[in-house]
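Chain B with the ligands: place on chain A using the hints.
So the protein sequences, as listed, match chains A and B.
According to our numbering, the residues represented by the first sequence are 4 to 587, in order.
According to our numbering, the residues represented by the second sequence are 1288 to 1473, in order.
Keep in mind the hints are simulated off the structure, nothing from the lab.
Computed from a prediction, not measured in an experiment: that's the story for all the values here.
Glycine is no exception: its CB is placed at the ideal position from the N, C-alpha and C atoms.
Please note that the accuracy of each hint is not assured.
As the list claims (entries may be wrong) - Chain A is faced by these chain B residues, among others (derived, beta-carbon under 8 Å): (1) 1365; (2) 1369; (3) 1418.
As the list claims (entries may be wrong) - Computed list of chain A residues with no C-beta within reach of chain B, every gap over 12 Å: (4) 128; (5) 151; (6) 310; (7) 319; (8) 386.
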Amino acid sequence: MTRQMTGAKIVVQALKDQGVEVVFGYPGGAVLPIYDEIFQQNAIRHILVRHEQAAIHAAEGYARSTGKPGVALVTSGPGATNAVTGLTDALLDSIPIIVFSGQVPTFMIGNDAFQEADTVGITRPCTKHNWLVRETDALSSTIHEAFHVATSGRPGPVLIDVPKDVQFANGTYEAPTKTRTSHYQPQVKGDMDEITKLVDALERAKRPIFYTGGGVINSGSAACQLLRELVDATGAPITSTLMGLGAYPANGKGWLGMLGMHGLYEANMAMHDCDLMINIGARFDDRITGTIDHFSPNSTKVHIDIDPSSINKVIRADIPIVGDVGHVLEDVLKVWKARGRKTNTEAMAKWWKKIEEWKTRDCLSYKQTGKIIKPQYALERLEALTKDHDRYITTEVGQHQMWAAQFLGFNDPHRWMTSGGLGTMGYGFPASIGVQLAHPESLVINVAGEASWLMNMQEMGTAIQFDLPVKQFILNNERLGMVRQWQELLHGERYSHSWSESLPDFVKLAEAFGAKGIRCDDPEKLDDAIIEMLEYDGPVIFDCLVEKHENCFPMIPSGAAHNEMLMGNDSTGDAIGAKGAVLV
Amino acid sequence: MSALKIKKGSNKHSAYNLRPNFSDVTERHTLAVLVDNEAGVLARVIGLFSGRGYNIESLTVAEVDHLGKLSRITIVTTGTPQVIEQIKAQLGRIVPVHDVHDLTVEGASVERELALFKVAGEGDKRVEALRLADIFRANVVDSTLESFVFEITGTPEKIDAFADLMRPLGLEEVARTGVAALSRGV
Ligand SMILES: Cc1cc2nc3c(=O)[nH]c(=O)nc-3n(C[C@H](O)[C@H](O)[C@H](O)COP(=O)(O)OP(=O)(O)OC[C@H]3O[C@@H](n4cnc5c(N)ncnc54)[C@H](O)[C@@H]3O)c2cc1C
Ligand SMILES: Cc1ncc(C[n+]2csc(CCOP(=O)(O)OP(=O)(O)O)c2C)c(N)n1
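The shape of chain A in the complex, shown without the other chains (with noise of 0.2 Å):
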């Protein structure tokens, strides 16, 4: 059905028509008319923020945790610069976003108007695609299209700036269906030579791993499914990114735990020795390879994803699949099991017990004596106090962000969600509040360092506002922890600007937002102190003090390969030759 109807209305009738229900973001002169749509009407809830970058976040959070696209609204120039680090970042972690910007009417474009900016031009290197709509007639199916670029394929971020005398003129509208079919159309199906490829190999191979990544959480919980029954089914063991945790349950019989720069001692090794590694919907990060010569040295990669300049671009892959993990599983599956489940079972048996050996490393193990928290023993609390909860987390980006990674467990895709590819401080605290709009009854903490808390802790507000009760759990060491580990194994001890200085109290802070405080710097005291936050029923900052120079290990060092690893335990002189220095 066509209608006539003004660009503004046309903005929120499409929204509707996508099955948008929250929108964040933050009005201004140039998104106006669009504002005063959404005051007539109840079907789309708008959140208001504090801050642009936190209304990116959140629209993450939000998409994240449910699957869905996150919408973002904010006006033009510094609204839509605002916007940038919550774009890249969703560009990076492969997060389907739109973002609407508001920009000053199409006939003063180009004068240096007042709040114009390029906003096309600044976010084009920092989207998936981007459109700045110069006709009212044009609105519904640019948005349109949006929704399908930002949600197919490898997922990403999109922007639609819409100038305001767009938003005010008549134009038609066109309903989702009607819209032309886009010919951006990304390849879902795998190509079945290279599935047998695969198939074979993992029949004969001595000591598979497979390695996963955010791409299987893309790809849906059917995809998450089909993982799990091809993990068990086989009996290989199996290691995740930080983007993929609980794709493969934690407490699953094949789990090693995270792999990379601060994964798990068992986790990489085994990626060093394999003889055939499977990655799926995982990237192929630097800090997942280290150095690029000495990575697996003597394995058989195959590669499945769907976007085909990841294939190649760091690691050459033996067996290439280009296509959709949940598709692509679903062949390899059927293929598998139409050749009789082959498994070199004997071989396997052998390959297990070597990973149970690297196990007894027990490479997480740290001693909580004395009077001061330890992060790690923090973090352990936190998982067996909610771990039966119906339980979200965010973190924001530093050392609390890995020992999170490695300290709390998930069963479930969608439960965890972090800023790994562009490591943005400020993303978890927004982040949660997305995550809560979507999630209203669930149990939604935040992993924070206090650092990284207060790049957005203006959104205290919007957490009282909107009545959600987001948990703050804030590992306060007083330092910028992750620099700090660096410049201890990196800078001899010379801590440049890497502590905390004149911090708030964050117990007044809380109450001076109308939301409760804890402090806790006691190990006996923290149960009765989680406890005390998760019963309360609206948000809390909790103020944990832990022990302030406590580094993130294992780790492995800048310039090294997987089976360098420093463990709690080693001694870190020169862990870090010349060369490892320059890379970050």
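Positioned in the frame of chain A, the structure of chain B with the ligands alone reads:
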């Protein structure tokens, strides 16, 4: 619409066409990229090359299908085989890109470039410039008592060679169009 008659694209399967090993040898490839003729599409392509540190030796762009609103971008680039594969895959994921063709590997192709040369000189030099232009089948499109403007069409190598010869003869200015290329046959 012969400009559009190009073989089915390789962008979706580029990962399969890899040579056995990553090699360090730098190769020169001519890519034909069919794109929606919409605002900003050239900026996307150029931004990709500058953002990811790829080389552009030459780039030409023009609309080739007015009704279908399609443009053809011809890019000459250099890189190792791995980098060339990446460039094609990265181009392929730009949303308004329809097809990416590597004319260097997809069978024989023809390449042409047009250039204008302004050469100023007197006496023997002037005569020699005219004689060489004749050999290269360059046309004189402007002449004064002190200068010529030559128009020459050919492969980039031919134009480079002509430039080398003109330099000692009073070469003042050069304008080159960049490469246009098509695969041979159908
Ligand atoms: C301080 C810090 C430390 C870190 N340390 C570690 C570490 O120790 N270990 C670690 O693992 N990470 C670590 N990271 C995160 C790291 O930087 C990367 O973000 C992460 O490793 C990338 O995960 P991924 O490979 O799963 O890729 P993602 O970024 O999740 O990419 C997903 C891949 O899957 C593909 N894909 C998407 N959808 C589909 C689909 N439907 N079907 C098929 N394929 C699809 C995409 O094309 C892409 O190639 C750290 C980050 C920070 C900030
Ligand atoms: C926006 C931004 N700025 C700088 C950095 C670099 N950085 C990475 S971790 C870190 C320290 C984080 O400190 P905190 O949040 O207290 O966490 P901790 O490491 O102490 O657990 C910094 C500054 C970053 N990732 N993001």
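Against the structure, the hints:
| no. | hint | in the structure |
| --- | --- | --- |
| 1 | 1365 | violated (18 Å) |
| 2 | 1369 | holds (7 Å) |
| 3 | 1418 | violated (50 Å) |
| 4 | 128 | violated (6 Å) |
| 5 | 151 | violated (10 Å) |
| 6 | 310 | violated (6 Å) |
| 7 | 319 | violated (6 Å) |
| 8 | 386 | holds (39 Å) |
When the structure is compared with the earlier hints, violations turn up for hints 1, 3, 4, 5, 6, 7 and for no others.
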